[in-house]
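As a plain string of letters, each chain reads:
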Amino acid sequence: MAMILNDEQNLLQQSAQDFSEKVATIENFRKLRDAKERYHDQALWKQVAELGWTGIIVPEGWGGSEFGYLGLGLVLQQLGRHLTPSPLFSTGFLAAEILMQAGSDAQKDQYLPKIVDGSSLFAFAHEEQIRHSIHQVTCRGEKVAAGYRLSGEKVFVVDGELADYFIISARTSGANGAEAGISLFVVDASQAGISKVQLTTVDSRNVANVTLDNVEVSSDCLLAEVDHAFPILQNVFDKAAILMAAEMLGAAEDVFERTIDYLKEREQFGVTIGSFQALKHRAADMFVELDIAKSVVREALSALDEGSDEVPQLASLAKTRLNDCLTLITNEGVQMHGGMGMTDEFDIGLYMKRSRVANQLFGDSNYHRDRFASLGGY
Amino acid sequence: MAMILNDEQNLLQQSAQDFSEKVATIENFRKLRDAKERYHDQALWKQVAELGWTGIIVPEGWGGSEFGYLGLGLVLQQLGRHLTPSPLFSTGFLAAEILMQAGSDAQKDQYLPKIVDGSSLFAFAHEEQIRHSIHQVTCRGEKVAAGYRLSGEKVFVVDGELADYFIISARTSGANGAEAGISLFVVDASQAGISKVQLTTVDSRNVANVTLDNVEVSSDCLLAEVDHAFPILQNVFDKAAILMAAEMLGAAEDVFERTIDYLKEREQFGVTIGSFQALKHRAADMFVELDIAKSVVREALSALDEGSDEVPQLASLAKTRLNDCLTLITNEGVQMHGGMGMTDEFDIGLYMKRSRVANQLFGDSNYHRDRFASLGGY
Amino acid sequence: MDELAEFKAEVREWLEVNCPPSMRTPMPEAEACWGGRNAKYKKPDSKLWMDRMASRGWTTPTWPKEYGGGGLTKKQNKILQRELGRINARPALQSFGIWMLGPALLQYGNETQKQQHLPKIVRGEIRWCQGYSEPGAGSDLAGLQTKATLTGDHYLVNGSKIWTSYANYADWIFCLVRTDPEASKHDGISFLLIDMDDPGVSTKPIQLISGVSPFCETFLEDVSVPKENLVGGLNKGWTVAKTLLQHERDMIGGIGGQGIKRKVEDYAKDYLGEVVGKLADPVLRDKLAQYNMDARAFKSQGSRFQAELKTGSAPGAISSAFKYYGSELNKRKYEILLECMGSQALGWEGEGFSNRELSTTREWLRSKANSIEGGTSEVQLNIIAKRILGLPD
Amino acid sequence: MDELAEFKAEVREWLEVNCPPSMRTPMPEAEACWGGRNAKYKKPDSKLWMDRMASRGWTTPTWPKEYGGGGLTKKQNKILQRELGRINARPALQSFGIWMLGPALLQYGNETQKQQHLPKIVRGEIRWCQGYSEPGAGSDLAGLQTKATLTGDHYLVNGSKIWTSYANYADWIFCLVRTDPEASKHDGISFLLIDMDDPGVSTKPIQLISGVSPFCETFLEDVSVPKENLVGGLNKGWTVAKTLLQHERDMIGGIGGQGIKRKVEDYAKDYLGEVVGKLADPVLRDKLAQYNMDARAFKSQGSRFQAELKTGSAPGAISSAFKYYGSELNKRKYEILLECMGSQALGWEGEGFSNRELSTTREWLRSKANSIEGGTSEVQLNIIAKRILGLPD
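These protein sequence lines map, in sequence, to chains F, P, V and Z.
Last residue of the first sequence? That's 575 in my numbering, and every number before it is there in order.
Last residue of the second sequence? That's 575 in my numbering, and every number before it is there in order.
Last residue of the third sequence? That's 397 in my numbering, and every number before it is there in order.
Last residue of the fourth sequence? That's 397 in my numbering, and every number before it is there in order.
Chain F on its own, in the form it takes in the complex:
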């Protein structure tokens, strides 16, 4: 278990930190937010690709660095610190991961280089309900002569309004809820029959609801074996939960540090409020929660790199932990900032907003506690 970073990982972390402090700043995010357009910074994205982060998990054969999940997690953690919106998660992780697991050689050759060089953006259109579910796929994928005809509704598709390509899960057989019968397709976003509604979300990121109205795709678009995408989805969502936890860890660290700084600086009743024991104990409690969260994320990322059997448990553990930890720390952070924490001028409210979106992505705590118990056989 790699609980300590090696030199290369330290370097990567450092460069992500520099980038996040100098380029991907929260001021940058505020500008995107206030512009109210697509919440996407093309220049920043170009830099992300140039830094090689789009290819961190991609094998060298397709231009990637094959640096591993811990590496990607370190980058996401740093971007999480400044709430940086970027398609890295959707393109550099979700799409790359699915293609690596489910793509044919031809598909890999076609798409992976575009991911690595940042020239194409991807979005993963899977969820159909207000809550994460792997099984619930009602979007139909009907076999037709030339390939498949896709119809259905996908909701809360992250980067859905940006994407050049969608990866879409659809039911090619079986009843809704069944594990068998789910297939994956990679589809050009400009394909006839695809329509999108961009959402304006509380965290000001690019999200869309996507409608598929008899979208005809060729058989070349099918990823993996027809009807057998479920195990791939399961694994991808485990990884996604862990990497989202890494992003959330960055946010939690940042809010925690801001709050501790504020406690040391803000004066009331003639003393700094950090000298009040009740606040001290709550701060110490947050520290413990955060320290544990760090350990869990680190262990879970290592487990991905090592291909550990415990990945499913660690995924549910990491996501639940970070959901709850980030909720705690943003709530406590706002409260400890007092009235100032309620103002838009202070950044802390932005983290609170992001925290609740991140909570929902890839499963909230109720979902993962239930799953953890099931994995434990009780």
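Hints listed in this document are in silico derivations from the structure and should not be mistaken for laboratory results.
Watch out, some of these pointers could steer you wrong.
Pulled a few chain Z residues facing chain V out of the computed Cβ check, cut under 8 Å [said to hold, decoys possible]:
id	residue
1	PRO286
2	VAL287
3	ASP290
Below, a list of computed lysine-lysine pairs in the DSS-like style, where the Cα atoms sit at most 27 Å apart [claimed, not checked]:
id	chain 1	residue 1	chain 2	residue 2
4	P	LYS461	V	LYS390
5	Z	LYS78	Z	LYS246
6	V	LYS282	Z	LYS273
Every value quoted in this text rests on a predicted model; they were computed, and no experiment measured them.
All residues carry an ideal CB built from backbone N, CA and C; glycine is no exception.
Add chains P, V and Z to chain F, keeping to what the hints say.
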């Protein structure tokens, strides 16, 4: 709603307080505990009867004072303060209540005066599982020529080893779990076929497991209409939950006051520990919980006297509230007493032990939250 | 009793004639009538309705008639309110003048002050705002730094106030100012009334995380205020303030019952679904039951408090307990709602979310202020520990 | 590697010959071997096993050979422990001398002291207890009042100690005593070794709420102690104590993994039943999953800490975080167990409850001490706030 006591109620409360401080002291309880016999003080019981508390809810026609449930609650609250073990709950409330609701005139004439003068003790043998349930009755009541033949096991029967009479629920028809088919019987404890195992419980009260092995009882022993005891049980258990909450309120008040006193008196690091803000905030939080608990118990007791429609909701509310409040206050109380709180010499551990038994009686918080939701139609 | 019955009949008749039908519909927040010199009325009926009610003094039903109030007894007022409720009448006038300044003036103001200000509050002619908090003094209210120095007949006021609700729409502000910098913290404060048209007063709205701007910063630069505008005596402002704060605390403490009127379980049913009459998610159902039980218990505590108020047996500081529990409860309600709503709770505006969903999300963010405004939860716990439990400093 | 393989073979062979079969069975608490002058051995094999292990120095495998220890390297010790585990060997000797005093003497003792005390600890000849806390000083350990006054060659010691584990069975006690009443709190304390056979030493067991008496009060009245028994220098006792406390904290922090070895869900299944492979009560199932996740996460934190220890990047005060979280976790475990067990959790002794049930109830009560002993949770939070977060006093 009688949120304020009237003069008569104040007088009753005062006399209960005097009795509990002078006679039913915690030293008295310790003696019973250490004697390890039946955990019953006959002299004290005689005084309880003389004070008229055995007849508080009994109509005047049978020698009672018909003073009402709020009155009984006030007495139980005071006895709860000093952990006084007494058969008042089983005899003066449970048996009296059931007989009043389910007894024929002849049965009332036979038993109620004995309850009021304290000459007979009763125990209500209903539960059959480790958790409270109204529906789960497997104990059989078979119709035979002369009456009924009872067989089965009853567990955790409070005052079961003391009782001169048992009130027993048995299934006279229907499947286990059904509402219809449950009947009630009042049975002489010396009846052939009844055997008891006295339990030594963590709170040192009189409790027994009771086995009924073909106990033949005459038809005179049947209470209420055969097969139709369920609504009576429901109502009795609602009242029991509220009165148990009243007893627990007394215990919670006492532990809270002890703890606040200790905070004011114990010195560490050169100051009284009550000056530490973290402890202050936790103490204030307990105060709020306790103040709300008081209100709930008072309102629920009044609702009983007024025959309010909201009794079921208030019963579940009061029991849950006091379960959780007493657990909180005993846990915090022990922690704030530090090492001394762990010693048998300090009383606080005795309250912690009693709290967990009281938690289980007539439904724990999980039971009542589930019920409260069901009553609310969700 | 006949008199009350007569009163009731009279009220009912008067309302029937005088309350415009358009004022008997649910009121969107934006149509609330706050009065003031520069008031804009989205609907002309709002002005009409306010004026008619004011003409009877019923915008302030229990204030003395001599100051324009209704002069009603408590029982009469109860009847009036019930009749207003019966026809779903909109509030004729909302005002910090009515809620806060008026009661303070009635208790601490001199005759001239009452004559000057109360009638204008009753008639909605002057809109007031409150100037207590300062950027440097949040929970430590008494640490305020805004200075008022007596020079001749006037106080020269310098400083700034924060969290002044709707100051950008207000005509006058009632302020706490420091009049004796030498005295101990609580003893050098006075309560001053300031016309915001005076030179040197300016305001700047504060945008909140919930996207709205109900509060301002208010700057006071060399504002000259006649010394007659001092209420309650020089350096006696803290006494006036305490009365008002207690009042504010009671208002916010009741917040658990405010906001969303729809039952939380009805929302939950929409988003979680039901199985045999129970919410489909047993864990969220349990959480929700706990919330509902706590809210019901809080209501019970309120009833007991009301009863004890009558007998005088309620401890004064108990309002801190209400403020604390009520605001924590309300925050919890919104957290549960968010959990129930899943990704439908994540909208800010526009397509893809219902109006109700969007406003629930905004209210969730708004609720975070409950445990800060009107004295933080931490301050309430301090008060309970000190004044009720007697724990040492 | 060959050397280690050889060592392993040798150990295995030696154990095969020397570990009595009766010492390869699970050990009831009552048969634990603590050594000491007046030790009573329920089984003669216990004594035999201890003596044989001591003869190799394996009761203290990594202590230097010159003091009777095994002189093993870490790797060798790992092999030894694994081999002992393989045959389920009972601990040959339990002792506060081994766990606490020994390491302190090795670090701070002079040569004479090491020679005098360490071999007897290794051989289980002397049973030690710890005298830190005092009735008046709980969390405020440094506030201790037991006085040691130098008169000639001896210290005259007066005072009393509390929470001295098994003092009623111990031969010697290592004590913190105040040697300079004028110095600031931490600077006037010394670390003193006292023979409990000396006149003036007496003990009194304390009964706990869990019904057992593992602790005593220990009274010191005019006890005369040779000045050679001072460890670590005059008024330098706090340094020695801190090392030992950190050690104790680490031990108790690991407590989440202690006690019940059976999985909590297996208990829960017994008492709640299952429906389609899930615990029948979904709310308790959720609570239990949360507990298991927290325990797993705590384990993860432990692994990270172990790794960081090696690189020296772990903050020293982090053991306070372990102590805090570990003990709160353990308390929660028992509260959940109680909820699962219903009325079967309410027994104290005798019929109607299984032995496992009775001991779970006792362990529940015992667990309440976790957040008190070895520094309360409150003290740990203070340490974190100060030493890790740097929050001001």
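Hints versus structure:
no., hint, verdict
1, PRO286, "holds (4 Å)"
2, VAL287, "holds (5 Å)"
3, ASP290, "holds (5 Å)"
4, LYS461(P) x LYS390(V), "holds (12 Å)"
5, LYS78(Z) x LYS246(Z), "holds (24 Å)"
6, LYS282(V) x LYS273(Z), "holds (24 Å)"
Violated hints: none; the structure is consistent with every hint.
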